[in-house]
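As you go down the protein sequences, you meet chains A and B in turn.
The first sequence: position 165 = 165 (my numbering), numbered continuously.
The second sequence: position 126 = 369 (my numbering), numbered continuously.
Honestly, the hints are just simulated from the structure, not real lab data.
Note that the coordinates shown come from a computational prediction; the quantities given were computed from them, not determined experimentally.
You may find that some hints are simply not true.
[As the list claims (entries may be wrong)] Below, simulated EDC-like cross-link-like pairs (lysine to aspartate or glutamate); rule was C-alpha separation at most 20 Å, straight line:
#, chain 1, residue 1, chain 2, residue 2
1, A, 236, B, 300
2, A, 32, B, 300
3, B, 388, A, 91
4, B, 348, B, 429
5, B, 348, B, 424
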Amino acid sequence: MSATETPTNPLVRMMGQVWGSIFRHGLPTSDKVAARTALTNFFLHIHPVRVKKSAIRVSYTLCLGGLSFFLFIVLTISGLFLMFYYIPSVDQAYQNIKDLQFVATFGLVIRNLHRWAAHAMVITVWLHMARVFYQGAYKPPREFNWTIGTLLLLTTLLLSFSGYLLPWDQLAVWAITVGTNMAKYAPIAGPYTRYIMLGGRNVGQGALIRFYVLHVIALPLIGFLLMVVHFWRVRKDGFTGGL
Amino acid sequence: MATVIGGNGGNGPEGRPPARTRTLPPPQVPSGARGVAGTGPELVTPPLVVRRREEEETVVTFPALIFREFLAGLGIFALLMLISIFVNAPLLQRANTAITPNPAKAPWYFLGLQELLQRFPPIMAGVAFPTFVITGMILTPYLDKNPSRRPQDRKVAVTLFTLYAVLAVAFVVVGVFFRAEAFTWDWLKVLGHPGVNPEV
Ligand code: HEM
Numbered sequence: 001m002s003a004t005e006t007p008t009n010p011l012v013r014m015m016g017q018v019w020g021s022i023f024r025h026g027l028p029t030s031d032k033v034a035a036r037t038a039l040t041n042f043f044l045h046i047h048p049v050r051v052k053k054s055a056i057r058v059s060y061t062l063c064l065g066g067l068s069f070f071l072f073i074v075l076t077i078s079g080l081f082l083m084f085y086y087i088p089s090v091d092q093a094y095q096n097i098k099d100l101q102f103v104a105t106f107g108l109v110i111r112n113l114h115r116w117a118a119h120a121m122v123i124t125v126w127l128h129m130a131r132v133f134y135q136g137a138y139k140p141p142r143e144f145n146w147t148i149g150t151l152l153l154l155t156t157l158l159l160s161f162s163g164y165l166l167p168w169d170q171l172a173v174w175a176i177t178v179g180t181n182m183a184k185y186a187p188i189a190g191p192y193t194r195y196i197m198l199g200g201r202n203v204g205q206g207a208l209i210r211f212y213v214l215h216v217i218a219l220p221l222i223g224f225l226l227m228v229v230h231f232w233r234v235r236k237d238g239f240t241g242g243l
Numbered sequence: 244m245a246t247v248i249g250g251n252g253g254n255g256p257e258g259r260p261p262a263r264t265r266t267l268p269p270p271q272v273p274s275g276a277r278g279v280a281g282t283g284p285e286l287v288t289p290p291l292v293v294r295r296r297e298e299e300e301t302v303v304t305f306p307a308l309i310f311r312e313f314l315a316g317l318g319i320f321a322l323l324m325l326i327s328i329f330v331n332a333p334l335l336q337r338a339n340t341a342i343t344p345n346p347a348k349a350p351w352y353f354l355g356l357q358e359l360l361q362r363f364p365p366i367m368a369g370v371a372f373p374t375f376v377i378t379g380m381i382l383t384p385y386l387d388k389n390p391s392r393r394p395q396d397r398k399v400a401v402t403l404f405t406l407y408a409v410l411a412v413a414f415v416v417v418g419v420f421f422r423a424e425a426f427t428w429d430w431l432k433v434l435g436h437p438g439v440n441p442e443v
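Bound-form chain B, shown alone (with noise of 0.2 Å):
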């Protein structure tokens, strides 16, 4: 059978805004509204879409989503629960502004920034790359004009940002684990080098 999807609460159809959709199933529209009588459905707003009912199953939002939605949220609280009654947050001396630690680190989200400024100029890696990241994220919609969402259609858009991701988390995890004093590189730091403390 086929049916009209559209303006059934939101989910409306690929690619299209569900304002512009119209539900108008042959049975609930009045006679009236079929235009002039006698001019037959011409002048009805044809559906935008029609699809059939077993592409585009759905089921009741409650409790079918709420109930997962439910577990997940209970899920990773009693995980973060867990982490937070065995690991304690970092807590260090008091600020002393006489004493530089060393490494000096940024938190970890942004050692990707500090690994630029390691290795290029200020200009470049504190202000281009970071403005040119963020103006390409937010552009990236109406740059990327690719109407397929299937990954074999877009291999581009997916290699290029599988190298954004992988150099991000490569930034973080040499950041974290094998920068040491003055932000060298050391590969033993990650196994904190036995004997010595490195906290200040």
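This is chain A alone, in the form it adopts within the complex (with noise of 0.2 Å):
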């Protein structure tokens, strides 16, 4: 964009004005401006303003921890559609669903987008961590962005836990109930263990409840934060790059 040709009308002149201040930079159309885009603006400033050509092949990430991220976005503005119709109640959950499936418009496909997105990112947050170890990308400086990874695919395995017995059907309740009777053997802690998680002695409101609150408030809370952390030190220790 260049500054010299100002138009006359000024109706134009205050659009370009407005246009010029929200976008400062215009097209990247050389490596300075493509620069200045990057540093000046709060997105795209979580990237570096260059990057070495060996990191971004998409042979050497697969893309997945950006997926993993991506889906992330996806599963929560989905969840948010969804948190409209369903209410953490035993007498209505399950109704709530099937109106979603049924009557709400679109409902079933955002019900659809959610459920197969959190299936597909249990399975990009593992494969994300395969890579990184199989390119020993954990090695120094980056020992603890390994150890706040392992911390985010446990939230993402409590994440999509949680949120399976949210439908309340039979098949909500015995995978709740067959994981969290893995909980009971635990040695003395075992069984207040499982009893804390539900609520109770059996998968019932107290379990629901609970189980709502940390999936749609403290997972996503917790996850969020680790990312951030995650990302800045991603930032700031530079990708491995290519072996």
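Relying on the hints, combine the two individually framed chains into one complex.
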């Protein structure tokens, strides 16, 4: 964008000013403009201005970390829509899901999207971990980011697990019954752990509200915070780059 | 031409935190910074890593990387949308604690645990193994002292992880496709037992 050609029409000039105040640098016609755009844009600032060619080759990251994050965003947005219809009560939850499937416009697609994206995220996060391992990308100075990654993997699993109960159908309740039964086996603390998880001895209203709160607030917040730190460290340490 | 890499927006040189690197290309260093006049450049903090530009070619993030990210996001979103339009998420009968489905299975990513519970005493399968795996994962970078990242130099690490990965995937596949009533092995389950309704 050059500042030389000032339009005469005041309305056009004002629109130009509005546009220019939001998008400061125009299209990336040269490396210099591109670099300035990346530097001054909040969302682009998560990236360094320049990256090693070897680090952004698709064959290096396979996009898996980025895709995991993208799926997290898809899940947040589709989950938000689901929350408009879903009431975490054993009397209503199942009917809410039925309504989503058969009454609410696009409810079915949004529910499907949320479900399949959740499965996909477990897979992409696990594969991301595998690629980081095989490339030895956890070696110094990135040891601690691997640890944060491990916590992210656990958070992802718990997010998926807590969501599993919410439809309140046979699949949900029994999967959670089997899942939480495993916790029972820990010595001494086991039975208490299960009781705390379920808010009772069986999977009932107590468990539903606990899983709901964990699923829509606590775990996404924890996951988001861990991701922020994870990305910050990737940004500061740089990509490991080609072998 | 030799050039100094580091401080270039987080692309730290291999094996060092970028905070410790310096960008001191000679033309930009004011003469005053070269120490007391006449003493020469000895007092200048030497660059920690000097590499050839050809080895570490960089590109501008925007649009080169952003465009790829956009394509990757678009691709997976399109794929998920397609799946979501044609395949419905499961919804069985309303929860009924009086009717236990047979088999009752954990979500697929926990089927490995369920598989272990089938084979080992609960204290091993439910507590010892998971604790071992999680602690092992967290400690991996601190236990693996081998500085090389080349697969040829990391035979033990690669073998161990591959063993874990193959077992983990195998357990999930077995749990989903081959475990039938009471979680017993069933080769035919994967074919769906024609004529029998498996749902509760
Ligand atoms: C919610 C889960 C996760 C998200 C959203 C995520 C995201 C990312 C992203 C975007 C990158 C940049 C490179 C790339 O795209 O591959 C990255 C790098 C990295 N991740 Fe993750 N990650 C997650 C889980 C994990 C897990 C489970 C581990 C390991 C246990 C891990 C360890 C690492 C390490 C060590 C790096 C630096 C790799 C390098 O420099 O080449 N992350 N992560």
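These are the hints, each one checked on the structure:
With a C-alpha separation of about 19 Å, the suggested pair residue 236 of chain A and residue 300 of chain B falls inside the 20 Å cut-off, and the hint holds. For the hint pairing residue 32 of chain A with residue 300 of chain B, the CA-to-CA distance comes to about 16 Å; that is within 20 Å, so the pair holds. Note on residue 388 of chain B and residue 91 of chain A: the hinted pairing is violated, with a Cα-Cα distance of about 55 Å set against a maximum of 20 Å. Between the alpha carbons of residue 348 of chain B and residue 429 of chain B the distance comes to roughly 15 Å, so the proposed pair stays at or under 20 Å and holds.
Of the supplied pair hints, the one linking residue 348 of chain B and residue 424 of chain B holds, its CA atoms being roughly 10 Å apart against a limit of 20 Å.
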